[in-house]
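Visitor: The primary structure of each chain is shown beneath.
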Amino acid sequence: MSYHLSIIGTLDNPLFELSFGSSKQGGDGVAKFRPEALYMNQFLVHAALDLVEEVQWVSKDLYLKRIDSHQNNHIHCFLTGGNVKFMLLMNPDPQATTYSAYPTTPASRPGTQAGGRQSGGATGTTGAGGMLAANPTSQGTEEAVRAFMNEVYETWLKCIMNPFYTANQVVTSPVFRSRVLAAGRKYL
Amino acid sequence: MPGMAKPPPLTPLNHRLADPIPIPPPKPFQSRLRHPSSRKTIYDRNLSRTQTTPTSLPAFAYLFHALITHHHSQSGSVSDIETRLNRAGYPLGIKLLDLLLYRQQTATQRPATRPTRIVELLQFIHTTLWRALWGRTADALEQSTTKRNEYMIVDNEPVVNTYISIPREMSQLNCAAFVAGIVEGMCDAAGFGMEGVTAHWASAQGEAKGEGQEVEEMWPGKTIFLLRLSEEAVGREEAIKANGG
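Residue numbers (numbering that gives the first Met the number 0), protein chains in the order written: chain A, 0 to 187; chain B, 0 to 244.
To be clear, the hints were calculated from the coordinates, so they are not data collected in a lab.
You can trust all of the hints, since none of them are fake.
Computed, partial: chain A to chain B, Cβ under 8 angstroms:
#, residue
1, Leu37
2, Gly81
3, Val174
Now the stretches of chain B that chain A is said to cover, found in silico as 3 or more residues with beta-carbon under 8 angstroms:
#, region
4, 36–50
5, 81–94
6, 102–113
7, 183–197
Computed Cβ-Cβ distance ranges for the label pairs, DEER-style:
#, chain 1, residue 1, chain 2, residue 2, range
8, B, Ile20, A, Ser68, 24 to 32 angstroms
9, A, Thr165, B, Leu132, 19 to 27 angstroms
10, A, Phe42, B, Thr51, 40 to 48 angstroms
11, B, Gln108, A, Lys64, 13 to 21 angstroms
For clarity, every value in this text was computed on a predicted model and none was experimentally measured.
Quick reminder that beta carbons are idealized off the backbone N, C-alpha and C, glycines included.
Using the sequences and the hints, build the whole thing.
Guide: Below is the structure:
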């Protein structure tokens, strides 16, 4: 179960990007995306921005839930008051996702496929990680992502309250990064 | 061997057979942050700290006075100083919008709602913003009868003008242009593009504008903030209203 968080500013410019994996059910917290995902993740996230703008003026909530799915990728969005979007792309089985119409290269790391299956197939304890990978569109997943987004929102607020932070500036603070990682470990 | 054709030249079509260029692995993250000796960063501060412990008015007045003096020394004309004060307040509005939404969320334990309509946004400014800044709501919220995209917020005695005295030759200057900048930043951040927010004196101050002399004498510093919405914000509002939103 791999995640890619992207914070997009008001001019559709990415301010912060982070890939991480699930830490539940024995996951090691490292993203297991294929090499194409390096650019395809960003592409999918930015393509979903159109859908965000559609829903933006209809709903009053800050958390817009799952707005898009492509093959195996699900995109959740949280919209701040200042029109900054936190987009979380989650992929329960990143190795099996082929981005193009015809698969050109085989799965590059077949060894970790077993690791991905393991988190989905754990039977004894039904931790949130197992349930998240098994059913990415369930209510439990939404709640977990909502809690994660609220943590990121708090950290984001502390970042923008910095008087030297101008609007639409790239976030480079390592403390911000470690806080987001900690939130990801806690909820996802 | 003679007679055999040369191998076909390397065209873009058979480049696919060559090895793909590998994408280099991302470099590990290196921190260049310098920490204070107490190892506390801005991320450790409480967001609701200024809600419980208000800052002192003399400190703000001193800073505001220094700001005005600086801008006055850089430029002479009234409208120029007002523009500079407006620009100074603009980033505050952007940050305050998110902060106030977050505080609303922690106070009521319900998820915060963004203002999507003009009236909601104006109510938010009129009550929540004013209360967060000065502990009281603004005095009136009006819509202009002549123009569709103009709204007015009235404040009888802006706190920022408490210790500011204007010389007679610059009587047009209203230093609440700083607050106008905050309001403009907040509206822009909420997605309602503004043509401008300006602060005007309500009472005569050298001009003849008869409108209830007793009221004006009671509040000599009465200020009207004129909010002019852009065409696209008004158009979007109409579209939402037409859809029954």
